[in-house]
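K.L.:
Single-letter residue listing:
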Amino acid sequence: MADDPEDRVPENKVSPPERRYPDTKAVTRKKIVGQVQNTGHTWDGIEEYDNPLPRWWVWTFYACIVFALVYAILYPAWPMLTRATPGVLGYSTRAAVQTDIRRVADANAPIRARIEAADLTTIAADPDLLQYATNAGASIFRTNCRTCHGSGAAGVQASGYPNLLDDDWLWGGDIASIHTTLTHGIRNTTDPDARYSEMPKFGEILTPDEIGQVVQHVRSISGQEHDAALATAGATVFADTCTACHGAAGEGNRDLGAPTLTDAIWLYGGDVASLTATVTNARFGVMPNWSPRLSEADIRSVAVYVHGLGGGE
Amino acid sequence: MEKPDAGPPPDLRPPIIWSDPLSPTDIQPTRLYAAREPVFPRRVKGKFRTLKWWILGVTLGIYYITPWLRWDRGPNLPDQAVLIDLAGRRFFFFMIEIWPHEFYFVAGLLIMAGLGLFLFTSALGRVWCGYACPQTVWTDLFILVERWVEGDRNARLRLHRQAWSLEKVRKRALKWAAWLLIAVSTGGAWVFYFADAPTLMSELLTGQAHPIAWAFIAGLTATTFVFGGFMREQICIYACPWPRIQAAMMDEDTLTVAYRGWRGEPRGKLAKGEVAPAEAKGEVAPADAKGDCIDCMACVNVCPTGIDIRDGQQLACITCALCIDACDDTMAKIGKPRGLIDYLALTDEVAERAGKPVKPVWTHILRPRTILYTVLWSGVGVGLVAALFLRSDIGMHVTPVRNPTFVTLSDGAIRNTYDLRLLNKHGESREFRISLVSDEAFDLSLEGQQGQTVMVPGNATTTQRLYIVAKAGSHAAAEDRSDLRLWVEDLASTDRVHSDTIFNGKDD
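Protein chains in written order, with the working numbering: chain E, 464 to 776; chain W, 1044 to 1551.
Check before you lean on any hint, since a few could be wrong.
[Stated by the list, open to error] To give an idea of the chain E side of the interface with chain W (calculated C-beta under 7 Å), a few residues: (1) 515; (2) 521; (3) 615; (4) 628; (5) 726; (6) 727.
Since the hints were made in silico from the structure, they are not lab data. All residues carry an ideal CB built from backbone N, CA and C; glycine is no exception.
Looking at chain E on its own, in the form it has when it is part of the complex (with noise of 0.2 Å):
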């Protein structure tokens, strides 16, 4: 190759340029037009070449083939029956987001240490414990306690969850109380301290008549339409039969979690044919308890979240 005399050029002289280019001896087939091989097709007189492809792009295509075995080999990718390959190094999407958790919880600790010691009415004052505790609260609710008071926190009449948001509490709507409701819970067979109070089966003990009376003194004690003279007769038997837990006036009594009868929020529905159901059946609402399930900064991060949400007091 070093002998072809077309290949030496002298050292002070360029040749002038001819018809192909100095280091390739083949003429350079795209420059005359005519030269490059078609595809053979023509259509209605186009023709297509069918120039090579540059080398730079097919090495490039096999660098990403064997980008792509040394990756299988790296890092899980071929699906198997129950799982992937492993790959060496060991890498799991799993572990990763594990790791992450143990990351944000390590970053997050110094505040739930601070939630947990503060004094729970001082919280809401300080506003870096406040955004946390809404937050955390807000998230938490979102997972436990939505499935029974909703997602909006306003709970379901029919089933008798109460709407968190208003401003009347069975058991007190102070950030302590609510506090204790969260941990202890209410009417249920795991805590020995839960909240509890039993409304007997009026069904039992007092006649239709009797029961029909005192559903329209509650409904005239509520501010709603009612039979006067059936609203009379039945305040005998309210104040016979109901003061002892819901009150003298039938105000409510938050030691025994009875509802007060006189405001304009129902747990079950203040029409007749609800009240006749809550005074025959009595009414049994049961909450679980939250601790242990759930750490205490959590619950007091539940705690500042419902306390904030319009009717805490």
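Use these hints to put chain W onto chain E, whose structure you have.
P.N.:
Showing chain W alone in chain E's frame:
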């Protein structure tokens, strides 16, 4: 136009063989893959080359210098004139500040860029490719450096073909070092648009910069070095989608770089003293007379993509017009008029071949299609400018809580909850007052605030919960929906913004 059955002129019928027939051994069978043949463009002087140098200087100058310009916005905001603050979700451009919900400005600019591309491509052909494209500009710069280090075309050819020696190593090392310096500056300038330039520069020099800055600089250095130093025209021919789009945007009135074959053919070298034939302006040249093209190969040698413009329009021609300058140079040397290769439209070619007068240039540029693009482009531009000036410096977005739509309070009143996002675009904190206007009677209270004012930090958005209560028995409490308008007022500047929303009553 020619009669349909006459066919194209003889010199354009395929296959086109301009040269003397070659021997069969010169023709090799097509290979599947072929190595890149290096292109060594020769230096050229002329008005288009000068224009390209100017555009290169201005565009590179803008690119490298802009991140260093300063603009004072007060103590709380960055002082870089052009800054894309990704973490803070802001775009700063001199006196303009764009928030993420105003991203439509970017969309508008992109639409204008698209319309602008249609406009100057339909008028002037692939001027983006040939003059302004970053690939072209940086390749041009890299070839300039190559010429400074290794010499002009002939010297570079010699160096390319000679064996490795100390001289070759030295020249290549110097060239690559210069290229690397340019590439690093290019990557660096890029990241300076996304962070405060002086701060990031000192962090880079002291090794304290965030790894992502290093990663981007490394990536852009690599791509600039490889694309400008080695890939060059391979990007234009194989990688870039624009050539294929540009060709579709051109029409028969688009000015593009073309070879006047009817004037130049048949090509051949002039012997000394040979009389040049008359130009093809209505005069028919004698059958054995030669065309103006003397096959000096200047147009091929200066071409950065290595094509022969005499073959006609082709994908690889980026219409950089260097061949025009080279050929004009040659024509001047042999005493012929310029313009053997020139900016030409297809309609011009038809007219010239027929000997008819050519349309003036401005009719190619100003025609219904280009005027329509200009009108649309300006329309979008005016709209953006108007929107920019009609913006307020404060904002309020109201999101009514819909789960539940209302809450009954113990006294029978109905309460609705709204989440407000209050935007303060000033550099310092402002006090906002919230008020309500409606046909119905409502009580308004802000969560966590004593009165009806909220303090919003500068250049920030604050979320604020708002409660609106309709008293028991009021019309709004019993009505399914009532309309109301919320006003927010900046107490310091009395700017006011409003948002209309609804109040949901108890729907029995």
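K.L.:
So, for every hint listed, does it hold in this structure?
P.N.:
These are the hints, each one checked on the structure:
| no. | hint | verdict |
| --- | --- | --- |
| 1 | 515 | holds, 4 Å |
| 2 | 521 | holds, 5 Å |
| 3 | 615 | holds, 3 Å |
| 4 | 628 | holds, 5 Å |
| 5 | 726 | holds, 4 Å |
| 6 | 727 | holds, 4 Å |
When held up to the earlier numbered hints, the structure conflicts with none and fits them all.
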